[in-house]
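**Student:** Protein chains in written order, with the working numbering: chain P, 1 to 276; chain L, 277 to 612.
Hint data in this document are derived by calculation from the structure and do not stem from the laboratory.
One or more of the hints may lead you astray.
[Stated by the list, open to error] Subject to a maximum C-alpha distance of 27 Å in a straight line, what follows is the list of computed DSS-like cross-link-like pairs (lysine-lysine):
hint, chain 1, residue 1, chain 2, residue 2
1, L, 559, L, 485
2, L, 602, L, 589
3, P, 99, L, 587
4, L, 322, P, 113
5, P, 242, P, 272
6, P, 109, L, 315
7, P, 273, L, 589
8, L, 522, L, 587
9, L, 559, P, 217
10, L, 602, L, 498
11, L, 445, L, 484
12, L, 589, P, 242
13, P, 13, P, 99
14, L, 315, P, 113
15, L, 608, P, 66
16, L, 322, P, 66
17, L, 312, L, 281
18, L, 312, P, 261
19, L, 304, P, 109
20, L, 488, P, 109
21, P, 272, L, 485
22, L, 602, P, 113
23, P, 265, L, 587
24, L, 522, P, 109
25, P, 272, L, 522
26, P, 242, P, 261
27, L, 484, L, 559
28, P, 242, L, 522
29, L, 322, P, 99
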Amino acid sequence: MIFVVTAYHAEAKPIIEYFGLKKVLKNSRFEVFAGREIALVESGPGVIASACATSFLLTEYKARDKDIALNIGIAGAKNSNLRKGEAILCHKIIYNDTKRAFYPDIIVKHDMKEGVLETFNFPVVKEDFPLELMEGDIADMEGAGFFEAASFFLPPHGVHCIKVVSDYLERAVEPSFVSDIIGKNLPLIEGFMSSLETIHRFIPKGLSENEEEIIDKLAENLRLTFTMTHQLKNLMLFYLSKNESLPGELYDFLNIKANSKSEGKVYFERIKKLLC
Amino acid sequence: MKELKNCFARSFSHIYVEEGVEEAPLTKEILKKFPKAVKVRIKHYKDVFCRPRQNFFVQESSRKLIIAAKNWELLYRGPDVCHSFGNENFYYTSPALNCVYSCDYCYLKGMYPSANLVIFVNVEDFFKEIEDLIRQKPIYLSISYDTDLLALERIAPLCTTWIEFARWKEDLKLEIRTKSANYSAISSLAPACNVILAWTLSPDEVIKKYEKNAPPLDLRLKNIKRAIGDGWNVRLCFDPVLYFEKWEAAYENLISRTFSVIPADKVKDASIGVFRIPRDYLKRMRRNSPPSEIIHYPYTEREEVYTYDEKIKRELTEKVWSLLKKHIPEDKIFIL
Ligand code: SF4
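Bound-form chain P, shown alone (with noise of 0.2 Å):
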């Protein structure tokens, strides 16, 4: 699943319209919009709605380690060498406030330029703020809370901000044109979510649902103990390490109830025979 979180409805539309998403119909605090595999969110502004967002989105749907999730938004540059309506990655990002800083791991190729975001609790305007002080090459509201709150679920490399410049930290901008310009970015956008779910894909896996369904019940059934069915598993690998499939005998043993521990012991010293 990809997880997207925006501050502004002007931000979350043109993805809403791209990705064909759903208002999800439910009383909450937040607007949520959805389809087969992507969830999107509306923060709205500030570091604590973006972090409070971003739990609720990534609790409500169960975020898995094979999940993405990104902050997608605009930002004001800090210097034109950043071209109005570009997307950027962001390798960096510092909470203005503590200068504690996050680091997404860049594991894909992609076509966007890449940049340090600085996250401020309050919109910097340049004719207010020196910008000898900001460290970042663009500033924003919302990516540091974002990145924090989705780090308690997600690796490193599955959690980005990708922020299109649209302005050089001056005044409000229009809604329409940040609508416009995020829009125009959603094909690149686009192509990176697509290289990291390839990778998630092919991430090695463990053991499937239907073989962790089989381990719980025959820890059940033969009421093996925590340190048995622990090594249950690792020798359910091993024997998939050698092996296309588990072997046909092991499912017997799904029909078989133990009385007693010690019953399930014997039947356990069975399995482990038949796995090594």
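Once you have looked at the hints, place chain L with the ligand on chain P.
**Tutor:** Structure of chain L with the ligand alone, referenced to chain P:
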């Protein structure tokens, strides 16, 4: 769906440089070799290296480089699971963390939270600590345990630097362990009598199946031959010896091929060690690993170390030892 290989960014696409080492000569030398890499400034190497929930297996396909300084614990006492080769004051140090090879059985996968490579550029601090120590006693120091330093030589010439540091220091004996075929990176140096180049050798079957990215046996042997020819002390490490189908034939073949290339009388010594790994490392490796004959083998635990049961361990050791002693005097064979 895109092809997997085309998806990964190339290794070292990003180089993280710790604050304070940007101007170090070694940092500059390393960065020069990666002009296209994205440089990211970091406060401390652990901010990147120790992030939670990193996936070692994913990172292995697109390793990043971290350049940093190490400021404490520069030297460690040699661990019990490693050979001291009869040396009394056995230490090891880690000028780099992680390796460019990806052996399935490598304990680094269980020891470190990240597959990214760290190179410590404050070599002088390491040297100072060693100089202080050898003023008190002679030491035997292994410098390539948690990495393969010679494999990294073209990125960071640390072997060269360490060899030159050790040269003429009577109270320092250095071991550089490697699987690499990168001897040419140090072949212009005059051999140092207190430096041992220690090559790990495995049967071809093991290399192909379990030592991803590491050079094939032939290349390792050619490198060893050159190093011996140039006058270096060379150690042969048959470690880890693994148990698998037809292991006996594989090790017979390995030893006969080894000594068909290498003059046995010129080998300084050899070691044999069956696969062993600290319990906690293996547990961590098992958590993320796909089904693996090595990682998921039902080992026996002894003093918090997983290894084969006594019978298999004895069989493996005795077999390799009996093969080896046909070429090398028994007193030059070290068994763990
Ligand atoms: S060569 Fe050594 S350090 Fe490198 S991966 Fe293999 S076992 Fe680990």
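**Student:** All hints are to be evaluated individually against the structure, with a verdict given for each.
**Tutor:** Hint by hint, here is what the structure shows:
For the hint linking residue 559(L) to residue 485(L), the alpha-carbon distance of about 21 Å falls within 27 Å, and the restraint holds. With a C-alpha separation of about 20 Å, the suggested pair residue 602(L) and residue 589(L) falls inside the 27 Å cut-off, and the hint holds. A C-alpha spacing of about 57 Å is found between residue 99(P) and residue 587(L), which places the hinted pair above 27 Å, so the restraint is violated. A distance of roughly 26 Å separates the Cα atoms of residue 322(L) and residue 113(P); the hinted pair therefore holds under the 27 Å criterion.
Pair hint residue 242(P) plus residue 272(P) holds up; C-alpha atoms about 15 Å apart against a cutoff of 27 Å. Using a Cα cut-off of 27 Å, the hinted pair residue 109(P) and residue 315(L) holds, with the two alpha carbons roughly 16 Å apart. Proposed proximity of residue 273(P) and residue 589(L) is supported: the alpha carbons are some 20 Å apart, at most 27 Å. Restraint check: the Cα-Cα separation between residue 522(L) and residue 587(L) comes to about 17 Å, which is no more than 27 Å; the hinted pair holds.
About 23 Å separates the Cα atoms of residue 559(L) and residue 217(P), which keeps this hinted pair within 27 Å; it holds. A C-alpha spacing of about 21 Å is found between residue 602(L) and residue 498(L), which places the hinted pair at or below 27 Å, so the restraint holds. Between residue 445(L) and residue 484(L) the alpha-carbon distance is near 39 Å, which puts this suggested pair outside the 27 Å criterion. Restraint check: the Cα-Cα separation between residue 589(L) and residue 242(P) comes to about 21 Å, which is no more than 27 Å; the hinted pair holds.
Proximity of residue 13(P) to residue 99(P) is assessed by CA-CA distance (about 32 Å); at most 27 Å being required, the pair is judged violated. At most 27 Å may separate the alpha-carbon atoms for a hinted pair to count; residue 315(L) and residue 113(P) meet this at roughly 13 Å. Using a Cα cut-off of 27 Å, the hinted pair residue 608(L) and residue 66(P) is violated, with the two alpha carbons roughly 50 Å apart. Simply put, residue 322(L) and residue 66(P) have alpha-carbon atoms about 24 Å apart, close enough for the 27 Å limit, and the pair holds.
For the hint pairing residue 312(L) with residue 281(L), the CA-to-CA distance comes to about 20 Å; that is within 27 Å, so the pair holds. For the hint linking residue 312(L) to residue 261(P), the alpha-carbon distance of about 62 Å lies beyond 27 Å, and the restraint is violated. Of the pairs offered as hints, the one joining residue 304(L) and residue 109(P) holds, with about 25 Å between alpha carbons and a cut-off of 27 Å not exceeded. Distance restraint check for residue 488(L) and residue 109(P): the Cα-Cα separation of roughly 22 Å lies within the 27 Å cut-off, and the hinted pair is therefore satisfied.
For the hint pairing residue 272(P) with residue 485(L), the CA-to-CA distance comes to about 25 Å; that is within 27 Å, so the pair holds. Straight-line distance between C-alpha atoms of residue 602(L) and residue 113(P) comes to about 61 Å, which puts the hinted pair past the 27 Å bound. Under the criterion of a C-alpha separation no larger than 27 Å, the hint pairing residue 265(P) with residue 587(L) is consistent with the structure, at around 24 Å. Proposed proximity of residue 522(L) and residue 109(P) is contradicted: the alpha carbons are some 42 Å apart, above 27 Å.
Between residue 272(P) and residue 522(L) the alpha-carbon distance is near 22 Å, which keeps this suggested pair within the 27 Å criterion. Between residue 242(P) and residue 261(P), the direct Cα distance comes to roughly 30 Å. Violation of the 27 Å bound is thereby established for this hinted pair. Restraint check: the Cα-Cα separation between residue 484(L) and residue 559(L) comes to about 25 Å, which is no more than 27 Å; the hinted pair holds. Taking the CA atoms of residue 242(P) and residue 522(L), the gap is near 14 Å; set against the 27 Å cutoff, the hint holds.
Taken as a hint, the residue 322(L) and residue 99(P) pair is honoured in the structure, with Cα atoms around 16 Å apart against an allowance of 27 Å.
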